[in-house]
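2 protein chains.
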Amino acid sequence: MPLIVQKYGGTSVAGVERIKNVAGRVARTHKDGNKVVVVLSAMSGETNRLVAFANEASEFPVGREYDMIVSTGEQVTIGLLSLVLKEMGLKARSFAGHQVPIITDSQFGSARIEHIGSEAIMRELASGGIAIVAGFQGVDTDGNITTLGRGGSDTTAVALAAALNADLCEIYTDVEGVYTTDPNICNDARKLAKVSYDEMLEMASLGAKVLQTRSVEFARKYNVPVMVRSSFTDTQGTLVCKEDIEMEKVVVSGVTYNKDEAKISVLRVPDRPGIAARLFKPLTEAGINVDMIVQNISHDAHTDLTFTVSKSEFKRALKLVKETASDIEAKEVVGDPNIAKVSIVGAGMRSHAGVASKMFDVMAAEGINIQMISTSEIKISCVVDVKYTELAVRVLHDAFELGKEEVNEER
Amino acid sequence: MPLIVQKYGGTSVAGVERIKNVAGRVARTHKDGNKVVVVLSAMSGETNRLVAFANEASEFPVGREYDMIVSTGEQVTIGLLSLVLKEMGLKARSFAGHQVPIITDSQFGSARIEHIGSEAIMRELASGGIAIVAGFQGVDTDGNITTLGRGGSDTTAVALAAALNADLCEIYTDVEGVYTTDPNICNDARKLAKVSYDEMLEMASLGAKVLQTRSVEFARKYNVPVMVRSSFTDTQGTLVCKEDIEMEKVVVSGVTYNKDEAKISVLRVPDRPGIAARLFKPLTEAGINVDMIVQNISHDAHTDLTFTVSKSEFKRALKLVKETASDIEAKEVVGDPNIAKVSIVGAGMRSHAGVASKMFDVMAAEGINIQMISTSEIKISCVVDVKYTELAVRVLHDAFELGKEEVNEER
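Sequence order for the protein chains is A and B. The first sequence begins at 2 in the working numbering and counts up by one. The second sequence begins at 2 in the working numbering and counts up by one.
Don't read these hints as lab results, they were simulated from the structure. Do not rely on the hints blindly, as some may be mistaken.
Just so you know, same-sequence chains aren't split out, so a pair can sit in one copy or run between any two.
Said to hold, decoys possible - Taking lysine to any residue pairs in the SDA-like style, the calculated list, with each CA pair at most 20 Å apart, reads:
1. Lys92 with Arg65
2. Lys92 with Ser107
3. Lys21 with Ser231
Values in this document were obtained by computation on a predicted structure and should not be read as measured data.
Go ahead and model the full structure; you've got the sequences and the hints to work with.
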């Protein structure tokens with residue numbers, strides 16, 4: 002009998018009426034002859050309500066007590082879904098993190114799963130029951146309640162699927178799957194039938210917020226097939242899985258963009274060993290994440306160094322870099338928040354040459370100046386003036402023929 | 002160093018501002034050189050909110066899943082109080098029922114405490130910390146979350162005080178203590194400095210809703226001194242403790258009343274063995290609690306049988322009794338919901354004669370007809386027409402001189 006893990010997010014369980022819809026889908030999956038494990042988030046809005054209490058109680062509400070408070074929302078929804086399923090005549094049992102148990106480290110607020118005990122859930126499934134598990138939470142080896150950080154329920158679901166050796170992990174959300182690009186920008190954006198873990202990781206970290214990055218890493222590590230789909234329709238979603246031969250034929254799977262970054266350039270830096278380290282150390286110490294870094298070859302023993310940071314940290318970063326720049330005798334520091342990062346992602350790039358030059362050609366033809374370039378094995382990112390974002394996405398989506406019906410589309 | 006358990010009810014923790022007030026009191030008790038264990042209820046209104054969800058999810062929301070849901074309110078308040086205390090620079094740690102652990106049986110919704118592990122809390126106290134424990138909840142030996150029933154936080158506090166061998170258990174509530182009678186009826190009602198467990202039990206079950214009955218039973222069993230006091234003032238409260246010689250000198254400690262009962266009389270029942278059993282069996286099966294039962298000596302092999310039930314169950318009970326009455330050939334069944342039970346309670350009754358006749362005299366002098374009488378070692382209850390309730394309470398309060406300053410009043 003196949004074992005399916007289904008995860009429903011906060012909008013899918015916002016209120017008892019919606020929980021009843023979820024129960025209908027769970028019951029159908031169970032009736033179709035599957036063993037079903039359900040992972041739930043808190044009702045949307047509930048975690049914010051609890052966080053507001055914590056903020057009122059403490060200036061820096063973090064750590065063990067914060068997790069004690071914010072983990073209660075999931076405990077409510079799992080109890081409610083179990084009640085509804087029992088009312089429908091089914092056997093169901095809720096599991097808080099410590100009852101599974103989902104053992105984590107003690108990094109309160111962003112704990113990592115270390116081990117999942119499968120015995121109690123397997124017993125419930127073997128007796129014909131449905132197991133309803135609280136997402137987002139775990140317990141450390143001292144019995145303290147921990148949370149996995151925002152969006153952690155995706156990770157709970159994938160980790161459970163791995164631990165239970167499930168046949169499929171379904172992530173129910175408010176979109177129908179993963180698209181070739183943002184449908185708000187390209188009206189011929191197409192839902193992908195399949196996408197590889199690596200592609201999904203690049204897309205997620207580039208701004209396509211469908212699945213939490215950590216959950217995709219988990220899925221890749223344990224080879225868990227993940228189906229992203231909508232809880233409001235019956236449409237087939239997007240399967241995130243291991244790369245296969247069909248996927249390699251597709252050069253580019255999607256075009257993504259990110260407007261949340263800003264660019265900082267340090268001009269005419271003396272090109273000596275240790276300069277980059279000195280420049281980035283204050284940023285690291287201030288907890289500022291640096292994304293793209295580009296350094297060109299030097300002229301006259303001087304070089305230019307450009308990098309991007311999150312827009313919300315731009316001002317702080319600029320101030321820190323200006324302080325360091327005078328120490329290391331750089332000529333000038335220039336900041337620019339009006340940029341966007343446009344990227345193409347595709348597993349097929351590994352075996353196809355000429356993808357990058359095609360990308361540059363297409364953008365040049367539209368007169369879009371490329372300010373920075375960064376590449377990985379399966380993606381190419383260009384920083385451009387923010388005003389060109391939509392234009393760049395559209396011409397790239399067209400050029401790589403992403404709007405066309407995919408040959409190996411599955412139904 | 003003395004160990005004090007403090008329990009704060011729902012109105013005392015309704016909102017973060019009030020939790021900060023509680024924190025102030027806890028901090029003062031700690032600073033005064035006591036080890037402090039705090040037991041909290043959920044914010045007032047919160048449990049009702051959760052119950053409303055459960056009622057929407059299921060027609061009969063009971064059992065394991067219901068407890069999973071309604072136990073979350075206390076988890077929020079203990080986390081918040083811990084955050085506030087830490088913000089004040091104190092060491093504090095919250096404990097859910099399963100973390101203490103408070104081991105109960107598996108009677109979900111009305112579980113009974115079987116064992117409390119004191120080790121984790123003692124460790125916290127030994128390190129200079131304050132232990133904040135969720136009231137109302139426990140865990141069974143299979144790791145299921147259980148609840149003790151409404152008002153169960155009092156029981157949690159007293160049971161913890163017993164397990165930790167505490168010097169005092171303080172119950173903070175919205176009244177200043179236990180009074181000689183309802184101050185709304187007698188304006189010279191006086192707060193008692195001390196009351197014995199037995200007196201408190203009679204008072205609680207007779208309608209003086211200050212402490213949950215089960216918590217008093219627990220306190221008596223393990224000889225835990227309990228101080229009932231207000232969380233909104235600094236006034237000394239009422240100490241509920243073992244009966245002492247001073248208490249025996251006081252014949253009557255209080256006058257209580259209960260308007261929530263109704264009377265049912267079965268007239269001219271053939272006086273045969275087993276008749277009473279047949280009469281009450283259908284009520285027991287329907288889950289209807291019978292309070293007072295009075296049966297007089299028989300005349301002509303017939304007797305009259307009168308008993309009281311809760312007003313909310315009066316109609317159901319009357320219907321059932323009428324059905325049985327014809328089977329057992331009783332002449333008539335008469336119901337009367339317009340009654341009140343007025344009682345006097347006092348440990349001194351054990352050693353003082355004439356208390357009952359004084360009570361009857363006082364009521365007769367006012368023309369109050371007594372419909373039923375029931376007595377225990379330390380209380381005498383009379384059922385009267387409901388319209389005489391306040392009058393009866395006042396004349397009894399006067400007659401037993403309860404408004405006067407107590408000789409052994411403690412300050």
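Right, here's what the structure says about each hint:
{"no.": "1", "hint": "Lys92 with Arg65", "verdict": "between (34 Å within a copy, 13 Å between copies)"}
{"no.": "2", "hint": "Lys92 with Ser107", "verdict": "between (34 Å within a copy, 18 Å between copies)"}
{"no.": "3", "hint": "Lys21 with Ser231", "verdict": "within (16 Å within a copy, 43 Å between copies)"}
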